[in-house]
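Enquirer: Protein chains in written order, with this note's numbering: chain H, 1 to 223; chain E, 1 to 208.
Just so you know, these hints were derived from the structure itself, not from any lab. Hints should not be assumed to be uniformly reliable.
Subject to a maximum C-alpha distance of 30 Å in a straight line, what follows is the list of computed DSS-like cross-link-like pairs (lysine-lysine) [unchecked claim]:
no.: 1; chain 1: E; residue 1: 71; chain 2: H; residue 2: 162
no.: 2; chain 1: E; residue 1: 111; chain 2: E; residue 2: 14
no.: 3; chain 1: H; residue 1: 26; chain 2: E; residue 2: 139
no.: 4; chain 1: H; residue 1: 26; chain 2: E; residue 2: 95
no.: 5; chain 1: H; residue 1: 12; chain 2: E; residue 2: 90
no.: 6; chain 1: H; residue 1: 158; chain 2: E; residue 2: 175
no.: 7; chain 1: E; residue 1: 35; chain 2: E; residue 2: 139
no.: 8; chain 1: H; residue 1: 24; chain 2: E; residue 2: 95
no.: 9; chain 1: E; residue 1: 116; chain 2: E; residue 2: 175
no.: 10; chain 1: H; residue 1: 162; chain 2: E; residue 2: 203
no.: 11; chain 1: E; residue 1: 90; chain 2: H; residue 2: 74
no.: 12; chain 1: H; residue 1: 74; chain 2: E; residue 2: 175
no.: 13; chain 1: H; residue 1: 26; chain 2: H; residue 2: 12
no.: 14; chain 1: E; residue 1: 95; chain 2: E; residue 2: 139
no.: 15; chain 1: E; residue 1: 203; chain 2: E; residue 2: 178
no.: 16; chain 1: H; residue 1: 162; chain 2: E; residue 2: 14
no.: 17; chain 1: E; residue 1: 129; chain 2: H; residue 2: 12
no.: 18; chain 1: E; residue 1: 175; chain 2: E; residue 2: 111
no.: 19; chain 1: H; residue 1: 12; chain 2: E; residue 2: 111
no.: 20; chain 1: H; residue 1: 26; chain 2: E; residue 2: 129
Computed list of chain H residues with no C-beta within reach of chain E, every gap over 10 Å [what the hints assert, rightly or not]:
no.: 21; residue: 52
no.: 22; residue: 70
no.: 23; residue: 171
no.: 24; residue: 201
no.: 25; residue: 208
The beta-carbon is built from N, C-alpha and C at its ideal position, and this holds for glycine as well.
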Amino acid sequence: MRNFLNILQIIKIIVLKDFVEEIKSKEILISIISYSTLVLVVVATTSYINNSIEIFSTIFWISLSFSVILGINKSMSKEFENNGLEMLLTSPIGFEIVIMSKAITNFILISISSAIILLFNNIILNYDLYDLEFIFLVLIVNFGFSIIGTITYLLFSKARGKEILSPLLFIPLVSPLLMGGSLTSVQIMNNNLEGYAWYGLIIAYDIIFLLIGVFISNLIFQE
Amino acid sequence: MDKSYITIKDLSKKFNENKIIDNLSIEIDKGDLVKISGRNGSGKTTFLKILSQLYTFDEGNIFIKGQPINKNSYLKSIISYCSSDSIFYKDLSVKNNIIFYFNILGESNPKDFYEKNNNFLEINTFEEKFPEELSNGQKKRMNLFRTLIPSFEIYLLDEPELGLDSDSLEILNQKLVKINNLEKTIFFSTHNLSSLDIYNNFKKEILL
Chain H
1 MRNFLNILQI IKIIVLKDFV EEIKSKEILI SIISYSTLVL VVVATTSYIN
51 NSIEIFSTIF WISLSFSVIL GINKSMSKEF ENNGLEMLLT SPIGFEIVIM
101 SKAITNFILI SISSAIILLF NNIILNYDLY DLEFIFLVLI VNFGFSIIGT
151 ITYLLFSKAR GKEILSPLLF IPLVSPLLMG GSLTSVQIMN NNLEGYAWYG
201 LIIAYDIIFL LIGVFISNLI FQE
Chain E
1 MDKSYITIKD LSKKFNENKI IDNLSIEIDK GDLVKISGRN GSGKTTFLKI
51 LSQLYTFDEG NIFIKGQPIN KNSYLKSIIS YCSSDSIFYK DLSVKNNIIF
101 YFNILGESNP KDFYEKNNNF LEINTFEEKF PEELSNGQKK RMNLFRTLIP
151 SFEIYLLDEP ELGLDSDSLE ILNQKLVKIN NLEKTIFFST HNLSSLDIYN
201 NFKKEILL
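Kindly produce the complete structure, drawing on both the sequences and the hints.
Expert: Structure below.
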């Protein structure tokens, strides 16, 4: 129990450090929100698409997933600039805690961005998406984005073309999340939710990748 | 169980096919001052990074206090590694960088601990600045402060004198003498033995 509390305390310290950095630079939030909003504005100007819930839902998830790539790359690259990560790796904390902390930071930042993007949706496209089922869906998909994005960035962190290689692996891996998110949000927007099977699948997918991250942390960090 | 404080047996490390460290064996006692020498690219930094558990090794064994160093959190808690590069988060002030590190080391009151010691190497004169606003010497002082102020049992110093002015060198020398008098083990790599007086008291040498 004491060990578990220690782990939570260390995760809190790392996440707070990331937030102090983000408050100064604002790079992650700005990159996610500006890219997603830009896509939504383009969609809004094409009025015939505007009327289709299916297409709107797909575009929302695709724009979010692509902007998340920008955000996670920015967030993770901060650890590698000036070897800041070495502070974490030489201190007496497990490598798996570093991965979990970064995934939690990314999850919180993506979720804040999603809330703002949904607000813009409300204003620009006139879709009211502040619905509990939809918000829960966005949160579990976001958690999947953040853990998969964190792992894929770290896997290629020592490769020369990491900015290209990481999305190449990220997009196929998040496809099940995009499918689930897109299909379920259409059902929610039509007030016709057909059960919670996708919710269960998405949560299981998140847990699998969280465990993968914990198990491969030693392989990722040690040279 | 080995009797010596640190035992290194047949240590080898290679990058791709290039063998950087080849069958290194040595025993180090508690409180030893160990000089690591060798030409550029001979593996001094690699050796220190292996001891700090940043790098793994291919062959051999390393035991510290009888424990193997592989993925050992306890040993990480007693080893301080001061890199020759500047290590920092650019969006945190000097003070916040150091307090963050003290925090993850598990200091019970990192802010107070920092405030009590912030005159070491005159860190307090630029503590509110961000690292990218600092000179190389100031960045070095920040790194030395971070790695020398908390109490460890083993200190790994990779060219710690690099970029320091004469006043800072004198303060660093005094600090290292103080640490060594407390029976702490210090490994240092340098190309300039005359830069710090304490260097001349080294007890063992590892030639790479």
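Enquirer: Confirm or reject each hint.
Expert: Here is how each hint holds up against the structure:
Restraint check: the Cα-Cα separation between residue 71 of chain E and residue 162 of chain H comes to about 26 Å, which is no more than 30 Å; the hinted pair holds. Proposed proximity of residue 111 of chain E and residue 14 of chain E is contradicted: the alpha carbons are some 41 Å apart, above 30 Å. At roughly 24 Å between alpha-carbon atoms, residue 26 of chain H and residue 139 of chain E fall within 30 Å of each other, so this suggested pair holds. For the hint pairing residue 26 of chain H with residue 95 of chain E, the CA-to-CA distance comes to about 20 Å; that is within 30 Å, so the pair holds.
The hinted pair formed by residue 12 of chain H and residue 90 of chain E meets the criterion: a straight-line CA distance of about 20 Å does not exceed 30 Å. Taken as a hint, the residue 158 of chain H and residue 175 of chain E pair is broken in the structure, with Cα atoms around 36 Å apart against an allowance of 30 Å. Between residue 35 of chain E and residue 139 of chain E the alpha-carbon distance is near 24 Å, which keeps this suggested pair within the 30 Å criterion. Annotation: proposed proximity of residue 24 of chain H to residue 95 of chain E holds, straight-line Cα distance about 15 Å (limit 30 Å).
Between residue 116 of chain E and residue 175 of chain E the alpha-carbon distance is near 16 Å, which keeps this suggested pair within the 30 Å criterion. A hinted pair counts as satisfied when its Cα atoms are at most 30 Å apart, and residue 162 of chain H with residue 203 of chain E does not qualify at roughly 45 Å. This hinted pair checks out: residue 90 of chain E and residue 74 of chain H have alpha carbons roughly 13 Å apart, not beyond 30 Å. At most 30 Å may separate the alpha-carbon atoms for a hinted pair to count; residue 74 of chain H and residue 175 of chain E exceed this at roughly 38 Å.
The straight-line distance between the Cα atoms of residue 26 of chain H and residue 12 of chain H is roughly 20 Å, inside the 30 Å bound, and the hint therefore holds. Among the hinted pairs, residue 95 of chain E with residue 139 of chain E is consistent with the structure: their alpha-carbon atoms are about 12 Å apart, no more than 30 Å. With a C-alpha separation of about 16 Å, the suggested pairing of residue 203 of chain E with residue 178 of chain E holds against the 30 Å cut-off. Between residue 162 of chain H and residue 14 of chain E the CA atoms are separated by roughly 24 Å; this keeps the pair inside 30 Å, and the hint holds.
With a CA separation close to 24 Å, the supplied pair residue 129 of chain E and residue 12 of chain H stays within the 30 Å bound. Pair hint residue 175 of chain E plus residue 111 of chain E holds up; C-alpha atoms about 21 Å apart against a cutoff of 30 Å. Our distance criterion of 30 Å between C-alpha atoms is met by residue 12 of chain H and residue 111 of chain E, whose separation comes to about 16 Å. For the given pair, residue 26 of chain H sits about 19 Å from residue 129 of chain E by alpha-carbon distance, which is consistent with the 30 Å threshold.
At roughly 42 Å from the closest C-beta of chain E, the C-beta of residue 52 of chain H stays outside 10 Å, upholding its exclusion from the interface. Separation of residue 70 of chain H from chain E is adequate, the least Cβ-Cβ distance of about 17 Å exceeding the 10 Å criterion. Listed as a non-interface residue, residue 171 of chain H keeps its Cβ farther than 10 Å from every Cβ of chain E; the least gap is roughly 29 Å. No beta-carbon of chain E is positioned within 10 Å of the beta-carbon of residue 201 of chain H; the least distance is around 34 Å.
Annotated as non-interface, residue 208 of chain H keeps its C-beta farther than 10 Å from every C-beta of chain E; the closest such distance is 24 Å.
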